[in-house]
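Novice: Those sequence lines, one after another, are chains A and B.
Counting from 1, one number per residue, gives the positions in the first sequence under this note's numbering.
Counting from 142, one number per residue, gives the positions in the second sequence under this note's numbering.
Calculated from the structure, these hints are not laboratory results.
Each residue gets a CB set at the ideal place from its N, CA and C atoms; glycine is no exception.
Among the hints, erroneous ones may be present.
Restraint ranges, calculated between C-beta atoms of paired labels, are given here [stated by the list, open to error]:
{"#": "1", "chain 1": "A", "residue 1": "E106", "chain 2": "B", "residue 2": "A187", "range": "39 to 45 Å"}
{"#": "2", "chain 1": "A", "residue 1": "D76", "chain 2": "B", "residue 2": "P261", "range": "42 to 48 Å"}
{"#": "3", "chain 1": "B", "residue 1": "E288", "chain 2": "A", "residue 2": "S64", "range": "29 to 35 Å"}
{"#": "4", "chain 1": "B", "residue 1": "A203", "chain 2": "A", "residue 2": "E103", "range": "30 to 36 Å"}
{"#": "5", "chain 1": "A", "residue 1": "D48", "chain 2": "B", "residue 2": "E259", "range": "48 to 54 Å"}
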Amino acid sequence: MTEVDALQDALAGEHAVIWGYGVVGAEAAEQHLPAVRAAEQAHRTRRDDTADLLRSMSAEPIESEAYYELPFPVTDPALAVSLAVHLEEGSAAAWRFVLGQTEDAELRRTALVALSESALQAVQWRLQAGIAPATVAFPGQ
Amino acid sequence: MGTPLSRRRVLVALATGVGAVGGAGLLSACTGSPGPVIPTATPSTAPDPLLAVLTEREALVAQYDLAGRQQPDLAPRLLPLRDQTEEQVVALRLALALPEPSSEATSRARTSSAVPVEPPVTLEGLRSSVRATATSAAAVCETTTVERAPFVGSLAAAASCHDLLLR
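For reference, chain B alone in the conformation it holds in the complex:
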């Protein structure tokens, strides 16, 4: 951590996202905007707890897609949440040092999820899934490494915010 900001400057720092806050500013300098700071995976024999966080959010993106197809009138409300969840999926794959899914695989997944009987997706069902992602990310946040904790905590907070907008 560099020289602390003068306290009088804190309000400016808060407003611009730098400062003590300074630590966050230093960390965010390591990545391009608007992507997150993502510590990558370390080799281990145990399953990485972040994998479960990733799987949940991948399923959530599919659920948003399904909801959008079934209820197009909800699409404007759901699309920003869906897109932000997809951003999180990309960041989680990066954190886990996983390759990006090929466009062919993505296309196959979309096609297969479009046939033949789709379970109905309700707003309440989406909320329930979103709340589950908040809970699991919060649990991982408590025990993960110091490098990952801010990232995972941010994912938990984001899910709480999405839950609010689905009410």
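In isolation and in its complexed conformation, chain A is listed as follows:
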């Protein structure tokens, strides 16, 4: 796998996470909506940055799918937060994977920032969900 392939996978993940946050927002409790919007916006920014990065590497960024399968039915606010945790954990895993596909220090910095931001957002959602501990020893693992 090349670093472009890994970045395309990470971009595919960002598309899926953004789609998933739409579901989270539809079921989330009112008090969580600002956090949902902020998290979704962060992933939109990361998606755009990743697409730009791919173009700079002469690659055509992959497009989003129109629909994604959910890992479990999301039918109430608690499940919405659970989905948000899963989305961030998956995003962290995708960016962690990029780290092992390149020796370029700048790309590694980019991937580490993304991994860390998703790991931090997962902590915030675990706190909201009352999951203890809210941290994991190896984010993205």
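Using the hints, position chain B against chain A.
Specialist: This is chain B only, laid out in the frame that chain A set:
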């Protein structure tokens, strides 16, 4: 890397930690849950940069222990972070192909750190140490091998998360 997941399945893959993400799934198949994938050390004359990451986290575990003794009311908050840091120490020793410390040595270390004058450990002091571990792991992550980069990056991210919970 195996056959890519269909993009429609990505959301499921993200949620279950497999997929492109697939690469991570393949790698994690090499180890038992919940331990990390740990590429072991290669012989070299230069000091392994991972040694400094290990030393910092070993010192951090001792600092957590000290804080727990000095401020038992903080123990419930600190214990999960302390235990996760210890998990990281175990993984780092494995990555460096170092033997596990004997229980006698561990016991001696605990005893000696309990006497006689213990410097006070504050939450701010712990945060400062945790932030330092994040910084040094991030620096190593930029230059280490492709085999180690995901592991070390994960350590850096974990430290950032611990920092958040110590605020």
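Novice: If you check each hint against the structure, which ones fail?
Specialist: 1
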